[in-house]
Structure formats: C-alpha cells, structure tokens
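Participant: So you can see what is in the structure, the chains are spelled out below.
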Amino acid sequence: MLRFIGRRALYAIPLLLVIVVLMFSMLHLIPGDPVQALVGDYPVPPAYRQAIEEKYRLNDPFLVQVGNYLANVVQGDFGFSYQNQRTVLSLILERAPRTILLAAVSFGLAIPLGMLIGIACGTTRHPGVDKFWTTTALIAYAIPTFWLGQLFVMFFALKLGWFPTQGIGPMVSRTQGFAWVLERIRYLALPVMAFGIHEGMRIARIMRASVIDTLSQGYIVTARAKGLGRGQIIRSHVLRNSSLPLVTIAGYAFGHALGGAVLLETVFTWPGLGLLLVDAIRLRDNMTVVGVVIFSAIAVVVMNLVVDLLYAMLDPRIRTMR
Amino acid sequence: MDKVTRSGGGRLLRLGAASLLAGLLAATAAQAQDEKPVPGGTVIAALNSTTIPNLNTQLTSSVPALFAADVWADGLMTYDRLANRIPRLATGWTLSDDGKTYTFTLREGVKWSDGKPFTAADVVFTLEAFGKFNTYLTKLVPLIDKASAPDDKTFVLTLKEPLTATLDLFDKEVFPLMPKHVYEGKDIATHPANIAPVGLGPFKFEKWESGKSITFVRNPNYWEAPKPYLDQVIFALIPNPQQRLNAIVNGEINWFRPEVVQVPATQAAAKKGTFRVVPIITNAPETAVVDLNLRRAPMNNVKVRQALFQAIDRQRIVKDVYQGLAETAKNAIPTQFKMLHDPSVNYDTMYPYDPKKAGELLDEAGFPLKDGKRFSMELTVVSIAPYDAVAQIVQAQWKAIGIDVKLSALDLQIWTNKVYTQHDFDASIISLTGRSNPVLGVDRSFTCNQTSVPFANPTGYCNPEFDKVAAEAASAPAGKQRALYKTYAEIIARDLNQLALTNARVFEAVTNNFKNLDAQFNFAFNTHPNWAEAWLPKDKQ
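Protein chains in written order, with the numbering used here: chain Z, 1 to 322; chain W, 323 to 863.
Excised from the complex, chain Z in its bound form (with noise of 0.2 Å):
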C-alpha cells in the first residue's frame, strides 16, 4: 500500500514541474503591470518602480526567474506575495481552510442528497417519481452556482432576512460553544447550498444510471431468485456496486473544489483560495497564481489517490488484481 502511495507522489512531481512551467509562461505573456497595480490610478513615481523592481527581482530574465522558484519551491518556499506583503505559503494556509471547510460540508450535503435520489430514481417502480427527479437534477444541475447563489442571496438573505449575504462569519461576534457554531452555520448554509445542490445533482444522475446498470446485473436476478427482499437487495447488492462510478466523480470534483470555487466564493464574498486567485489574476500577483494553482494541483492529486484508495476499499477485485 505504501509503495503504492509512493509511486504515485512520484509521478505527481513531474505533473507539478509542468504546470509551474506552463503558468510562468502563460504569466509572463499577459500584459500587466504589478507596479502600476500597488500605486493605483496614478502615475508610477520612477524611484519607487525601481525600488520595488529590485526588491522583488521583476526584472530578472524569464528563465532565471522559473529557474530561481523552481529551487524556493524544492525548500518548501512558494515566493512572496507582494501584492499581500507576506509569503504565498502563509497566504495559502490562512485561506485553504475555509475553502476546504466550504467544499467539505458542500459535498457532505451533496453526496447523501444525490446518493438518495439517485438510488430512488434508479429503484423506484413508478415512472412519474424517476421522470420527475430526473429532470429536476438536469434543471438544478444546468443551473450555474453563481446564478443560484445570488438568487438565495436575494430571497433568503435580503428578502427574508434568515442568513447573510456574504462573509465567513460575523464581523463582531459575541458567541461562544453552540450559538457561536450556529452562527457559522447562517453564513454557510446560503454558498453551501448552492454548491451542494448543484455538485449533489450531478451525483444524483451518476448514481441514478449505475444503480440502473447494477440493477441489470446477473448477480442481483440470481438474488431475486433466491428470494431477498427489495429492501435487501439495494442495501447489500446494489448499494456498494453502483458506488464507484460516484467515488470517481465525487472524488474528482471534491478535488477541484479543493482550489477554490472561484466563482462561489465570489459571489459570497467568501475568502478562501477562490478568491485570493482572483484578485492574485487581476493585480498581476504572479507567484500567488502559481502557488494556488500548485495547491489546486496536489489537491486533485491527492484526491485521485484516496479514489483509488477508496476503489480498493469497495472493490475487491480492484485489490487483488496486482
């Protein structure tokens, strides 16, 4: 097992050169000036671009410059934000947790919620319930997160006043134990539910098609045959089985999430690393661009080796193939 894990950190390694390579390079062929960007709408006084420049060594050749992140990288050092004034590392582990934090409880909503549908569409015995999900999961699903968050922006926060309308949390907080847990629930639950239902729609139409296919499998005729209950049959028989298209893609997405939901944290003001790349993309912020992108990068791998980790766990056969 461990060897396993090995092998595939190693193979991460060059994934990783790649993409550090391919963003400098894409960086470097925008135009954009990081300067202009810390002095605003006026003009650049000369000695201050030339303090700066030299600081931060701008105005190093393009090679050098990947050359000399690529040895920081190596010593656990992912260059300095000067658009924040402190390392991109600190940066990056002051915001992963809150995005880390949105996309855990988004997906804990979203897998139950499209495992549910999708084992009720897939098993259910009246057409009407599956037609029904079914396209209410297309619907749901089509529908963008940004767009559904700002519509539960504007009927759950400012219409009805149940939740805020953006943030991590409160500004002053006065709360302690469970009304201080309470209250982070308020300013989840409006991203969270967009994000949850969106991703646990896309669950739900995996799960509703493997639950099908698994349904069509000779092993659950012959378990009718032997007389099991319907009950019984989903919860030993079709349950596990359709589960591995959904660990796959629930794995996958969960790892992209991981980076940021950029365009969620957006609209809710919520500042994890979605938001850091956004503003590190528009100030020209180069070395926080490519650290988020490299966290994003180990995030997705990690989660591929905990789905396979995870595939093994469900399938056996998967386990002793090798």
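To be clear, the hints were calculated from the coordinates, so they are not data collected in a lab. Some clues are possibly wrong.
Claimed, not checked - Calculated pairs, SDA-like style, for lysine to any residue (alpha carbon to alpha carbon, straight line, at most 20 Å):
1. Z/Lys159 - W/Gln589
2. W/Lys740 - Z/Arg205
3. W/Lys482 - W/Ser418
As the list claims (entries may be wrong) - Short, incomplete list of chain Z residues facing chain W, as computed with Cβ under 10 Å:
4. Ser90
5. Leu158
6. Pro164
7. Val172
Ideal Cβ placement from N, Cα and C applies to all residues, glycine included.
Chain W: place on chain Z using the hints.
Facilitator: Just chain W now, with coordinates in the frame of chain Z:
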C-alpha cells in the same frame, strides 16, 4: 438652449441639496447638544477589495487604502465640506512674500499611536524619505530647496520657485505623516509598517485577517482626546459593489461608498430607514473622458476631434448611465475648483450635441460619407461599470455619423498596457479621479508626456504653449491663478486631445444608529470618515 437650462437646473439642484443639508445639519446639531457622547461600539465599513497591497497612502493612490488611511493616518491640514482648508496637525501656516517659503506651526503634545512624541523632524523625514515615492509630489520634489525643523514645533519648507498648489500637497490625503522612528534607516518601499502602520489618526492598527477584514482599535494617544468615541473600526473587505449594498441593507455593515450607478438603488433601499445616503457637497473630480490618440490619423486632425465631441450627446450619458447624478464636464478645470474654474469656457455651448454639424466638420476634414461610412477606428475601455456603458453610448453615437467604431472592452491591466504603454488605440474611455488642485490629477491629462508611464497623458499631445501656461498657472500667486487657468482651459478646448464627458457626484451610505454624523461627514475631496466624531448610544452598541 435646452441643455443650458438643464445643466443650470443641475446646479440649482445641488445648491438646493446643500441648503437642505445645512438645515438638517443645524437641526441635528441642536439635537446633538442635548446628548453627551459615550464611548464604546464598533463601526463596520466596507473596503472595495479583498487584496490591499499597501495601507500607506504615501505610496499608493488606491481607493481602499485611502478609505483606511483616514482612520489611522493624519496630516497637517484637511478641508471642510465647503472645501475650506482647516488645521489638523499644523495649527497655522504662513507664506513668505516671495511665495517660496512656507512655515508651519505644529500642534503641541501630539504622540504617535505607539506613544512616541511627534515633532517637526517627523514632517521633514516624511518629505525627504517618501517625497520621491509619492505620486502626488512629483511636481513639488524637484522644486524643494530645503526642508527643515528649526525647532520641534516648526516645519519650514523653502522652494526654488513658487508652487501655489503647495498647501494642497500637504493635505492629509496626499501627504499623511509618517513616523521617523519607525522608518528611519529601513527599506521604505517594502517596510512592514506599510501594512501594519503607526500613525497619528484616531485609531491604530490591530489585525488583518487575509481577505476578510482589517481591524483598527481606539488610539489612546490620539491628539483630539476624548475622541474617538468608538472602540474600533473594522473594515470588511467586500470587492463586489452589489454585495456592499446587500450588506448594508441586511445590517451587516455600517458604511460604504456606493458606485455612482448604484446610488438610486441605494437611495431606494435607504427608505426603509436603517441607513441614509449622504451627498458629498464638494467631491473629488470624477471626470469620465475620451482620450484621443493624436499620433494617428485621422485623430491628429482637430476638425475630426471637434466632430467626435459634437457627435456625443453628453446629456444622454448623464441621464442614462449616471441617472442624473453627474453633470456634463464644462472644461478642463473641474467645477469643484471654484477659485480656478472659469465658467466662460463651457463645452456645453462650445460643443453642443449636433450630429449634423459633426458630419459637416468631417466632410470638411476630408472624410465624406462613402457607402454609409467615413472611416474606421477602435474605441477601447476598461470593462468596469459605468465606463463600459459610457463607451457603448459613444460608440452608437459615433456610428450614427458614419464612423465605423470597433469597441474593445478590456481587463484593467491589459487596457493600461494597450493605452499607456503600447499607445495602440484610437480613442480610449476612462474616468480619472482628481484631488484638490489641477496640479494633482488634472495636469497629467494634458502636459507633454513622451514616456509610457500609465495614467499620464497617453494622447501624444505635446504643446509647449500649453505646458508653459500650466506651469505659470501652478506658480502664480493665489489671486492671479484664475486668469491663467482660463487660458489653460481655452487651449484644451481648442486642441481637444481629450473629450471631457461627465463630472460625477459622490455619495456615501451610513447607518442611522450613529450620532454626530454631521460633524463626521464634514469633509471634501478625497477625504472619508475618520470615525473620530461619530458615537453610538449605549443601547445601540
């Protein structure tokens, strides 16, 4: 004629608003006397970015940094709402007869937020160390002969030649004072104090939560004790304008500055009574302009430029884009500079909307209609509201007289590169924010600029006659500037390297639970609330 009366009406409206406000203020002032301020409470103000690279406004002109600096920094002088200069850390100032020596008397017993005494040496240090880095002082720094502190309470500045705008350059917004004991001998441009500042303002820096908030707490050493009354000012970092409005409607923040296109919606939401929209009587000039690239044909033909100007219905931009909350720009000198603006140079009468005349001018310039088309050009704009909407109207109106206009709406950085660095444009739309004097932010549109420095005249217009007048106007004694600025405006009105469209008004929204808001909002130009005056009754804390 119609336009003249309408714009006159706009001015009347503004006067009306001012007197109405004055009445309201008198009423609330009388009321405020009955109540004694109590300490405590928090104000949550919105900043319009999640990433703020620098809080030190000696080094940046960015808006979120300006908002925050009002809270933690202070300067020698500031302005009241009618743009009268009022003392802050300088209690008085004199100018020598030759117009070259300024002597400032500083307030006694003032301390920095870290408890160290503030002296004239700090002022000299700020000028010497930050002057070369400060975008507003580029005109002043080469003129400085000597800056000195003969004693702790006196700051003397001697210039090689007079610069009448000098006092404007020592306004607290453009010249916040910096502590010598913190910065001396260190790398100033990247000093950590630039994001964790030590200042003279009513609040001091406490903490910064990345992407979320910046907290300032009461500065116990503030010179205007017992102010401030509030315990803390928290800046919520909310980049999206709609979210800032949502947040005040839902009671999550107490203050924000609506974008001009948002003001009607903000006013409508304010009717519920939880917050109010305060008009800023003398706001910093916010002029939407079209820069024309004179390096290229046919923009190098003045008749074409005049035609382009007369083809734009600026009243329609005021009405449709700014929803009436702007006026048409009158000439190169914004109307806010009452002592310098000469109303006899008036674009409304010189270049009224007249597409027929515009067509005739283009015929004369050698661009007659051929197959419904005269020539092609590119109009570039930053894709930010409201400039994108302004650009669409301009595009439509230029098309109407037979010009084939391609509109490029771009990301700010790409637009900056295209217009200022590459000079690869025919016409470009942007709104430029001024400060309190033409030397700050107005001259930069017209004086000769052969470099590719962003946000300085990108048009290639280079007129020694104009540059001379601009220099003379800047150095003429206070009483004699107006005539020179009239000539300044006349030359630009003749040459039109830039078409000035609108001058927008500014509003701020604040929740009604605070007391003493009239004193709190007694400022002009680029100043914003420092929250030293406002207080919260005990039951609302």
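Participant: Each hint needs a verdict: does it hold in this structure or not?
Facilitator: Taking the hints in turn, this is what the structure says about them:
Simply put, Z/Lys159 and W/Gln589 have alpha-carbon atoms about 17 Å apart, close enough for the 20 Å limit, and the pair holds. Between W/Lys740 and Z/Arg205 the alpha-carbon distance is near 47 Å, which puts this suggested pair outside the 20 Å criterion. Pair hint W/Lys482 plus W/Ser418 holds up; C-alpha atoms about 13 Å apart against a cutoff of 20 Å. Below 10 Å, beta-carbon pairs count as interface contacts, and Z/Ser90 has one with chain W at about 8 Å; its hint therefore holds.
Satisfaction of the interface hint for Z/Leu158 is found here, the shortest Cβ-Cβ separation to chain W being roughly 6 Å, below the 10 Å cut-off. At its closest, the beta carbon of Z/Pro164 sits 6 Å from a beta carbon of chain W; the interface hint therefore holds under the 10 Å criterion. For Z/Val172, the interface hint holds, the least distance from its beta-carbon to any beta-carbon of chain W being 5 Å, beneath 10 Å.
Checked against the numbered hints given earlier, this structure breaks only hint 2.
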